[in-house]
Amino acid sequence: MIVQRRAVTAVLAAATLLLTAGCSSDDGEAPGAEDSATPSRTAAQSSPSRTAEETPPAKGSVKVVRTVATGLKSPWGLAPLPDGDLLVSSRDEGTITRVGDRTGRKTELGEVPGVSPAGEGGLLGIALSPDYASDHMIYAYFTSASDNRIVRMLHDAKKPSGEQLGAPDTIFKGIPKGVIHNGGRIAFGPDKMLYAGTGESGDTGLSQDRDSLGGKILRLTPEGEPAPGNPFPDSPVYTYGHRNVQGLAWDSEQRLFASEFGQNTWDELNAIKPGDNYGWPEAEGESGGSEFHDPLAQWGTDEASPSGIAHAEGSVWMAGLRGQRLWRIPLKGTEAAADPQAFLVGEYGRLRTVVAAGGDKLWLMTSNTDGRGDAKEGDDRILELEVK
0 MIVQRRAVTA VLAAATLLLT AGCSSDDGEA PGAEDSATPS RTAAQSSPSR
50 TAEETPPAKG SVKVVRTVAT GLKSPWGLAP LPDGDLLVSS RDEGTITRVG
100 DRTGRKTELG EVPGVSPAGE GGLLGIALSP DYASDHMIYA YFTSASDNRI
150 VRMLHDAKKP SGEQLGAPDT IFKGIPKGVI HNGGRIAFGP DKMLYAGTGE
200 SGDTGLSQDR DSLGGKILRL TPEGEPAPGN PFPDSPVYTY GHRNVQGLAW
250 DSEQRLFASE FGQNTWDELN AIKPGDNYGW PEAEGESGGS EFHDPLAQWG
300 TDEASPSGIA HAEGSVWMAG LRGQRLWRIP LKGTEAAADP QAFLVGEYGR
350 LRTVVAAGGD KLWLMTSNTD GRGDAKEGDD RILELEVK
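FYI, in numbering that gives the first Met the number 0 the residues of the sequence shown are 0 to 387.
Any given hint might turn out to be false.
Ranges between beta-carbon positions, derived for each pair [said to hold, decoys possible]: (1) P273 with G345: 20 to 30 Å; (2) A57 with R104: 35 to 45 Å; (3) A57 with D82: 29 to 39 Å.
I should point out that these hints are in silico values taken from the structure, not numbers from a laboratory. Even for Gly, the Cβ is constructed at its ideal location relative to N, Cα and C.
Start from the sequences, fold in the hints, and give me the full structure.
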């Protein structure tokens with residue numbers, strides 16, 4: 000059942016005051032913010048999709064098949080290799096590590112030069128080139144001393160551990176950096192273009208400024224140029240009005256979805272339409288008007304604080320940091336087909352990244368060693384899930 004819309008408007012002056020007071024964080028926790036649970040809400044888009052595709056059941060299931068690996072250090076990005084092994088980026092260590100799918104054995108590829116970890120910044124998202132089988136290129140989004148940027152590096156698995164990464168080639172730079180809201184998720188879409196979720200680095204005014212790279216979803220060629228067909232001429236900006244985008248995923252119909260941190264009221268899952276304005280800081284959650292693109296689902300920040308998302312079995316699966324749970328959002332086109340359903344609540348602590356593993360399988364990675372988690376929750380790990 001999809002609940003009714005509710006207008007939630009964030010006043011710019013109030014948001015600026017809260018940020019000045021240091022209230023924002025990547026897991027949505029703010030000093031003085033209300034601590035009571037806020038029910039999740041879903042809403043139809045203003046232009047609902049009507050397709051003949053099958054709608055998934057209202058209720059699903061999650062089974063933890065096995066623990067793939069433990070002992071990860073501040074893990075952030077996760078990229079499956081063609082042979083089934085996994086690459087993991089460490090935000091604070093600035094390294095990329097290969098994890099054996101069947102053995103859990105960890106082999107460090109190397110350290111990415113130029114990473115300057117601080118606060119929520121560091122080595123964040125990673126992605127494989129669409130032509131990885133032939134070019135062996137790994138893309139990485141990281142915080143440097145001056146900005147957030149995207150580089151690509153040659154991976155030579157024949158070299159010794161720690162020496163397998165070539166010199167980074169910077170393909171895109173100048174994304175605003177901050178102690179908070181660095182965005183960081185990158186992914187190649189079905190069109191073989193590179194998409195990047197950015198944050199407004201604590202400066203809310205950047206989100207509505209189309210000339211700024213902060214608070215945006217960017218769409219680039221593999222060489223880092225504005226992609227052909229972008230909505231604004233000669234611009235890498237694909238959508239704007241975002242606060243801090245850390246989840247990107249496509250469904251079987253090549254439609255893009257993105258997760259976004261709210262300040263202290265609503266976290267969001269959005270269906271992405273090129274050129275649209277998603278409201279921040281004028282709106283947090285549903286605005287109810289036509290000026291901004293409303294989220295298809297929203298949550299109180301203590302229930303979600305979403306980072307990575309994946310699409311599998313007709314649903315978006317969303318990892319929650321502060322919420323410490325995995326959300327299932329069944330889809331009907333670009334609408335939520337039923338209320339979101341939570342799994343693994345509190346069982347593995349903070350959840351950072353979820354990646355489709357083919358069919359009904361997902362990879363799920365925790366984030367308890369990022370300075371905000373409880374180390375007693377155990378070493379950060381990768382889990383294999385079976386979902387419906």
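Each hint, compared with the structure:
no. : hint                       : in the structure
1   : P273 with G345: 20 to 30 Å : 38 Å, violated
2   : A57 with R104: 35 to 45 Å  : 40 Å, holds
3   : A57 with D82: 29 to 39 Å   : 37 Å, holds
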